[in-house]
Amino acid sequence: MSGIEDLLREAYQDAARTVQPKRVRQLALPPAAEPRRRSHALVPLVAAAAVVAAIAVAVAVPRLLAVRPAHNIPAVSAAPRFVVLLPYYGGNVSKLAVQAAGTRHVIGQVPAPHGTSWASVAATGTSTTFVAAATTSGTSHCVTMFYTLTLGPGGIQPRRGRFTFPQYQAVSLRPRR
Amino acid sequence: MGMTADRSRAGMEARPAPSAAQAVDDLYRAYGLGLVRFALMLVGDQSTAEDVVQEAFLGLYRGWHRVDPGSALGYLRTAVLNGARSVHRSCSRGRARLLRSVQHDPPVWSAEAAAMERADRRAVLAAVARLLRRQREVLALRYYLDLSEQEIAKTLGMPRGTVSSTAARALSVLVEQFGKEQ
Numbered sequence: 024m025s026g027i028e029d030l031l032r033e034a035y036q037d038a039a040r041t042v043q044p045k046r047v048r049q050l051a052l053p054p055a056a057e058p059r060r061r062s063h064a065l066v067p068l069v070a071a072a073a074v075v076a077a078i079a080v081a082v083a084v085p086r087l088l089a090v091r092p093a094h095n096i097p098a099v100s101a102a103p104r105f106v107v108l109l110p111y112y113g114g115n116v117s118k119l120a121v122q123a124a125g126t127r128h129v130i131g132q133v134p135a136p137h138g139t140s141w142a143s144v145a146a147t148g149t150s151t152t153f154v155a156a157a158t159t160s161g162t163s164h165c166v167t168m169f170y171t172l173t174l175g176p177g178g179i180q181p182r183r184g185r186f187t188f189p190q191y192q193a194v195s196l197r198p199r200r
Numbered sequence: 059m060g061m062t063a064d065r066s067r068a069g070m071e072a073r074p075a076p077s078a079a080q081a082v083d084d085l086y087r088a089y090g091l092g093l094v095r096f097a098l099m100l101v102g103d104q105s106t107a108e109d110v111v112q113e114a115f116l117g118l119y120r121g122w123h124r125v126d127p128g129s130a131l132g133y134l135r136t137a138v139l140n141g142a143r144s145v146h147r148s149c150s151r152g153r154a155r156l157l158r159s160v161q162h163d164p165p166v167w168s169a170e171a172a173a174m175e176r177a178d179r180r181a182v183l184a185a186v187a188r189l190l191r192r193q194r195e196v197l198a199l200r201y202y203l204d205l206s207e208q209e210i211a212k213t214l215g216m217p218r219g220t221v222s223s224t225a226a227r228a229l230s231v232l233v234e235q236f237g238k239e240q
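Protein chains in written order, with the working numbering: chain A, 24 to 200; chain B, 59 to 240.
Quick caveat, the hints were computed from the structure, so don't treat them as lab data. Be a bit skeptical, because a hint or two may be false.
In silico SDA-like cross-links for lysine to any residue, where the CA-CA straight-line distance does not exceed 25 Å [to be verified]:
| no. | chain 1 | residue 1 | chain 2 | residue 2 |
| --- | --- | --- | --- | --- |
| 1 | A | K45 | B | A88 |
| 2 | A | K118 | B | A88 |
| 3 | A | K118 | B | L91 |
Selected chain B positions facing chain A (in silico; Cβ < 7 Å) [unchecked claim]:
| no. | residue |
| --- | --- |
| 4 | A79 |
| 5 | Y89 |
| 6 | L91 |
| 7 | V94 |
| 8 | Q104 |
| 9 | E108 |
| 10 | F115 |
| 11 | M174 |
| 12 | A177 |
Note that beta-carbon positions come from the ideal geometry of N, C-alpha and C, so glycine has one too.
Make the full structure from the sequences, and use the hints.
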């Protein structure tokens, strides 16, 4: 087996040399607080608070949306020109993909704000405006921020702005499993 | 995995919190490049390999208080293996086309990448890429990292005999393909 073993070793070394030390990016640890030991005594309290918050949101949001006048809902055009997708490959998602709806070609990418990764994205019904959720990573608590993404005429050079709630009504941000 | 449950409480609490980032950063400077190269053997392209290694170090940072610094390298190797498996699982779930267009470069051993000059070396790595996942992992640990069978068994959580037989089967497939046995 020595022939194939030698070839394998040489091939691995050859492949390894294609990674230049200067081209490997620096380690990006989250800028927030250092990791802390979790206080297990607080776990039941946190769980209870999460349940209360979920119930409050489930009750409050439909009522909040119900009082909005119908004429404020943006008209849905015949067919969307662009879609914004969340590529998932097992790790944090650092870029959203902008695709042309007809051809499914990727025509642009939207990087996540510094220190966050994209968690979800949804259309608003206007074909050029989307709402995306970004979460902080690496901290002991998770913070989610919402952004509006407005695409340019060609679907590229997307502009990012903070989301003001309530602003859009045709948005459904489904949590990732 | 490198996690130790029996470290003294005093030892864990005595470590000042601000040292975690520095310690993980030091580990990255020492082992980051090697682990990116190791991940490259498993996932094929440098960009994805760097993502996998960054995730491994981020996991180490998050769980720093549970990791024995002496076994941090073993923990990182296992985390890189798990990250590479996640990449392959995700790619096989139907988003491969989108992922290729957004995140992934062609494998370093493909002619398209033009990163490796020798065609026979490119071909052998391309053949390795077609092996079973466990075979690919054993070969990379054995012939790239030069780990012993015992170390491979510990890293992959499998019996030593399984490591030996897995490597033998993988080499047989490669020999059949290349006719290089001498």
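Tested hints:
no. : hint           : verdict
1   : A:K45 / B:A88  : holds, 14 Å
2   : A:K118 / B:A88 : violated, 28 Å
3   : A:K118 / B:L91 : holds, 24 Å
4   : A79            : holds, 6 Å
5   : Y89            : violated, 11 Å
6   : L91            : holds, 5 Å
7   : V94            : holds, 5 Å
8   : Q104           : holds, 6 Å
9   : E108           : holds, 6 Å
10  : F115           : holds, 6 Å
11  : M174           : holds, 5 Å
12  : A177           : violated, 11 Å
In this structure, the earlier hints numbered 2, 5 and 12 are contradicted, and the remaining ones agree with it.
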